[in-house]
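> Given next are the chains, with one letter for each unit.
Protein chains: 2
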Amino acid sequence: MDFDNINRTELAQLGEFGLIKHLTQHIKLTHQSTIKGVGDDAAVINNANLQTVISTDMLVEGVHFDLTYVPLKHLGFKSVAVNLSDIYAMNAEPKQILVSIAISNRFSLEALEELYAGMLLACNKYNIDLVGGDTTTNQSGLVISITAIGTAKFDDIVYRNGAKESNLLCVSGDLGGAYMGLQILEREKTIFKDNPKIQPDLSGKDYILERQLKPEPRKDIIDVLKKLAIKPTAMIDISDGLSSEILHICTQSEVGVELYEEKIPIDQLTFDTAREFNLDPTLCALSGGEDYELLFTIDIGDYEKIKNVKEFTIIGHITNKAKGCNMVAKAGTVHELKAQGWNAMQNKA
Amino acid sequence: MDFDNINRTELAQLGEFGLIKHLTQHIKLTHQSTIKGVGDDAAVINNANLQTVISTDMLVEGVHFDLTYVPLKHLGFKSVAVNLSDIYAMNAEPKQILVSIAISNRFSLEALEELYAGMLLACNKYNIDLVGGDTTTNQSGLVISITAIGTAKFDDIVYRNGAKESNLLCVSGDLGGAYMGLQILEREKTIFKDNPKIQPDLSGKDYILERQLKPEPRKDIIDVLKKLAIKPTAMIDISDGLSSEILHICTQSEVGVELYEEKIPIDQLTFDTAREFNLDPTLCALSGGEDYELLFTIDIGDYEKIKNVKEFTIIGHITNKAKGCNMVAKAGTVHELKAQGWNAMQNKA
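Same order as they appear, the protein sequences are chains A and S. Numbers given in my numbering equal positions in the first sequence, counted from 1, plus 17. Numbers given in my numbering equal positions in the second sequence, counted from 1, plus 17.
Extracted from the complex, chain A is given alone in its bound form (with noise of 0.2 Å):
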């Protein structure tokens, strides 16, 4: 990533307020509900008679991010897409973010407007209003820190413990395709730096590359769930990859799980990539990550009205805990699910 172009603009040069008000002048805000945004000490949020429901991530150069191969547009949109996700995991709105960020004089104004340009892209798409947030520098990378706010109304909050024995277990889009993507992007630094004459070879690849750079969080899910009339009894955003996010609901849910392994969505493109590599692409869904689709748990009852629904996948389902957490192989094996998390995230960095 280039940083030095001839339009660099030094930090030092607008000061702190100058660069907050730079930084935020093309925020617009939408919400009704948005009786304050930024400008002052905190942002005010109107309620009547909603929930508001607030997640919080943070995102580290060299730990969630390579800026050799993340341009930062992309970087700015993931971010918030991420924190959403958490938000539609509860089946509720996002409608309001703060966005906190630690930078290096490294970086040039021309950079921080790329990536406020890719956050507010991915506001404007879904309709949330940035209303506050924090700019601090930093001696070395970037730090980016997302506050999601949305509301929803009492009796609609799914949370993770609701799942029941003998709910069917679900999964939206298909899996294992940003990770494939960010091994991609990993080769071809690799290369990169062993010749910097070699121009990255990503020709084919542009669905999973998008996957791990560009991922979109699920409001449609939440959408056609509405539609159908199905409030999930539980439900997850998968970050960390399928087995650790099927282990937090049935340990929250105190029940066990069967899950098949050959009814696992993975696409076509993740599945030869990963075989490019020597992976398995199965392990590619169950512990890759970054997929940020949604798995949720319904009432066998609703089968009927789920049963012909594209956008979504049933994978196995909720057993008594007493059997525990396993997966179903193609070959007929019975294999117990391990979570991954902090271990997966390493490996990524």
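Honestly, the hints are just simulated from the structure, not real lab data. It cannot be assumed that every hint is accurate.
[Stated by the list, open to error] Computed footprint of chain A on chain S; a stretch qualifies when at least three of its residues, placed anywhere within it, have a C-beta under 8 Å from a C-beta of chain A:
no., stretch
1, 114-120
2, 146-154
[Stated by the list, open to error] Listed next, the stretches of chain A that the computed footprint assigns to chain S, with coverage defined by at least 3 CB atoms under 8 Å from CB atoms of chain S:
no., stretch
3, 78-88
4, 150-156
5, 271-279
Backbone N, C-alpha and C define an ideal beta-carbon position, used for all residues, glycine too.
Starting from the structure of chain A, add chain S where the hints point.
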């Protein structure tokens, strides 16, 4: 700071979820409005007819704090305190916080426990629910990002933009102490670096060290104002320095100000220590920052109610915008007020 004590537990031993579970085990939820705290995708807060007030602040190692002399427990307390201060500055009551931290493996679990103990101490003292957050790794320094959420009645909220001509300008407590505390700590650090055998000499400096290391947000001022049935016309907390905050109020309210140097409350120890460092005590109050006192304007009709209140001081009055923002010095000369902010912050690093 010694991170390599004999009780060291490697973070890797716990894993991400184990760490979160460990760190959050002592959290107690007290507000009826906290429907859901840590443990799901987002926190849920019930709001009847109150406004939700939200603010966020990020603290970065090497920029906002130096772990060579800031104990982690104090850092935890302060990081919560500065966020609550923003909510009080809206004349609102903080009720929940979300805490995100990025840490390197340089920290042991015991070190993190200290940090959290300080945070929970502040939560306990100010009756705050810690309802969520994110914990991630960082390659180098410690980054703490906190979002505070509060409530207020619509008519009670005080913004920065309501100051009117002839309003009285008031400030709580005394100013410049936090900055002088920092000077002491920086001096002792330099001496220690040159000769590690010399023990730091902090005797007699307790008050200003506490101002720097463990600031208290002024909940009591909000309570006093309520008791006196006074609603300030504008209010802000002093994080960047008196001068900068006065200018925020004047800019947003489109008014001028006349500040009297002789009225600025400066503690004797702050004054004497400034002299010891060959610094102008008034300048420390104007540009030092981090005092976390409340600066506010009130209608002159409220003068009778406040003239005997000892918790705050009248330091000037609001004028017509055309008259500008000025300080009348002790010698009678008039000086234009200038903002600091970014630059002041840089110097603190």
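> Now tell me if each hint is right for this structure.
Results for each hint:
1. For the stretch 114-120 of chain S, the stated coverage by chain A holds: 4 residues have a C-beta nearer than 8 Å to a C-beta of that chain, and at least 3 were required.
2. Counting residues of the stretch 146-154 of chain S whose beta carbon lies closer than 8 Å to any beta carbon of chain A gives 6, which reaches the threshold of three, so the coverage claim holds.
3. Under the rule that three or more residues need a Cβ within less than 8 Å of chain S, the assignment of the stretch 78-88 of chain A holds, with 4 such residues.
4. Taking a C-beta to C-beta cut-off of 8 Å, the stretch 150-156 of chain A contributes 6 residues in contact with chain S, enough for the three needed, and the coverage statement holds.
5. With 0 residues bearing a CB less than 8 Å from a CB of chain S, the stretch 271-279 of chain A misses the requirement of three and the coverage assertion fails.
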